[in-house]
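A.B. asks: This is what each chain is made of:
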Amino acid sequence: MTDGINHHREGLTTSHHDWSMLQVGKLLENQPIVIISVEDASEVLLKNGVSSAPIYDSGRKMFIGMFDYSDLMTYILLVLKKMEVPLEDQTMEMRDLIQKTNHSQNVPVKLVSDLSGNDPFCTVLAETKLGAVVNDFGTGIHRVAVMDSQGNMTGVLTQSLTLDYLMRHLSEFPQLQPVMQKGLQQLGLTGIKVLSVTGETQVLEALIIMSTNGVSSLAVVNDQGVLLGNISMADVQYIMKDLRTSWLWLSCFQFVSKVRLSRGVETGEDQYPVLDVNAKSTFGYTLSKLQATKVHRLWIINDTNHVVGVVSLTDVFKVLSGYIDS
Amino acid sequence: MGSDLDRQIQTLLQCKIITEAEVKDLCLKAREILVEESNVQRVDAPVTVCGDIHGQFHDLKELFKVGGECPKTNYLFMGMGTVARYVFSVMLSIEIDLPGDFVDRGHHSVETFLLLLALKVRYPDRITLIRGNHESRQITKVYGFYDECFQKFGSANVWRYCCEIFDYLSLSAIIDDRIFCVHGGLSPSINTIDQIRTIDRMQEVPHNGAMCDLLWSDPDPDSCTGWGLSPRGAGFLFGESVAKPFLHNNGLELIARAHQLVMEGYKLMFDEQVVTVWSAPNYCYRCGNVAAILEVDSNLNREYRIFKDSDRSSMNSRTNPQREGPPDYFL
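Here the protein sequences line up with chains A and B, keeping their order. The C-terminal residue of the first sequence carries number 326 in my numbering, and the numbering is unbroken. The C-terminal residue of the second sequence carries number 331 in my numbering, and the numbering is unbroken.
Misleading hints may appear alongside valid ones.
Within a straight-line C-alpha distance of at most 35 Å, the following computed DSBU-like cross-link-like pairs (lysine-lysine) qualify [what the hints assert, rightly or not]:
#1 A:K47 - B:K244
#2 A:K280 - B:K141
#3 A:K280 - B:K244
#4 B:K24 - A:K294
#5 A:K294 - B:K244
Okay, the calculated beta carbon distance ranges per label pair [what the hints assert, rightly or not]:
#6 B:E32 - A:Q177: 49 to 57 Å
#7 B:M263 - A:H17: 42 to 50 Å
#8 B:D44 - A:Y238: 41 to 49 Å
#9 B:P245 - A:R263: 30 to 38 Å
#10 B:P206 - A:I208: 29 to 37 Å
#11 A:W249 - B:Q203: 32 to 40 Å
#12 A:H17 - B:D222: 25 to 33 Å
#13 A:G151 - B:Y304: 27 to 35 Å
#14 A:T139 - B:P206: 32 to 40 Å
#15 B:T198 - A:G225: 28 to 36 Å
#16 B:K24 - A:Q177: 24 to 32 Å
Just so you know, these hints were derived from the structure itself, not from any lab. What you are looking at is a predicted structure, and each value in this text was computed from that prediction instead of being measured. For every residue, glycine included, the Cβ atom is placed at its ideal position computed from N, Cα and C.
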């Protein structure tokens, strides 16, 4: 039976080396950069199929922050007055943004940059060792902007990209073999209470719950607690697409359904409604599934399909950072 | 039985639904036939093999025009794709405020499925239906078939009757011991056709394992290894190094399957030993693809017939926004 890991990939070297010593610039070879001006930000995210983009201020000729779906969601909630930020916590930019939304003025994306407060703009040099970045990834930073010695951005290194690279070159990193064989329970990823909503909960309410709790997704369960699907901040893109704001008032289950239908037509193939992994799976199998499905987290379920934990990319890197030879 | 059934078939051919009581009765009769069928149902050539229909009723009628009416032509449907984009299209219409009859614009998964089922009961040896990944309770709840049944019949009963029938559908078919037909693809748990015969199929499609894989897997022409996890979250990707030995060890000359949209209607892979057949033209009224059926004659010669969407369907597509360019053939 296959463990899901591809053991023989083309182009492998047979020399073994320490994965944490890789220079991060290497992982970005041939990556095109998406640079946006201050307008039309979420349109750009959609068109390019990315979940974040660095914001370039052509006036000041520098990168001033990142824009992602988390920021977009926070913006939507502010606009709909579903979020209150106490005055003392408001930055200048935030006050400017709130003022503009109150007066229905067009909002430049720079005001929405890094708005969520999660995942601020981080830069590293291309020579930085991967081990250092993996440590950062394990604390919840989802991506870092990689710069060359002249201060030009060469690309954005994300958690997803890093995982994909490690999995494709796994046989070059024998130090990672032991952790791949470990079970999810062994690694302490199960038996954790996860935040969930029922299928009947309104999408808008789910977004508020995510925002208030600082999480990027929620399990969608039925009234017996069985996993039905997932709602995450990146799903906000489906609401922004064609400005389908009425979707905010759908139930989470209807929303999951629409997102799946939408994706199925776009890709020509329908996806399974729930992306999960059994609690008895190995870490290696879990990483393979994350890599294959390109999602940012998998819900961990037991044999009765109840959620008993979650493995996010952040969790993955937290585990891996424990395997760096110091 | 005969005249009642013929009347129901005539009703369904006009894309009209029969009563709930008639559906219940039809399903009972269908069950008696399907329960006798094998997990690997033997089919004699000549036969015309079809892929996903996805509720595009008027295009199914187009298919019958191109391939010949049942029972004159012997048919094999590799899954029905009981998906309803119905709810989705109704929402879209509200948002962009178009005039017109939106019930027709939607999809007709119920009518399509009931028509094929009625034909199966009427001509059991002239039409073979095998299970696709959409013929499942969990999937039909998410992908709209449940909603369509509820909308058209006022309760969940018809959906339940249909789901029970899904459980009885064969998992695969074999034409003259040479052409293996399955909705999705291969499984790492299955090396021989005989192993498929040992599966206990009369249940909801499991989340993993051999039965799930047969309905969810995809071939991967770019694969350098044998197996990979599927981006769909169920089933596997299988490469040439897996497909060819399977064909050889089981004395097969072709694996025909559906499950993935193909712009050109059909796509051959692995030295023409695996083919994907897609039978829903202009998918969801906006993909702009053609559809195909595979005609196998009594000497097992194969011919692919291409067809476009029916006039009725293309009327719907004119008011639906066109995609920007063709979608990639996605693996």
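A.B. asks: Which constraints among the numbered hints does this structure fail? Numbers only, ascending.
C.D. replies: 1, 4, 13 and 16
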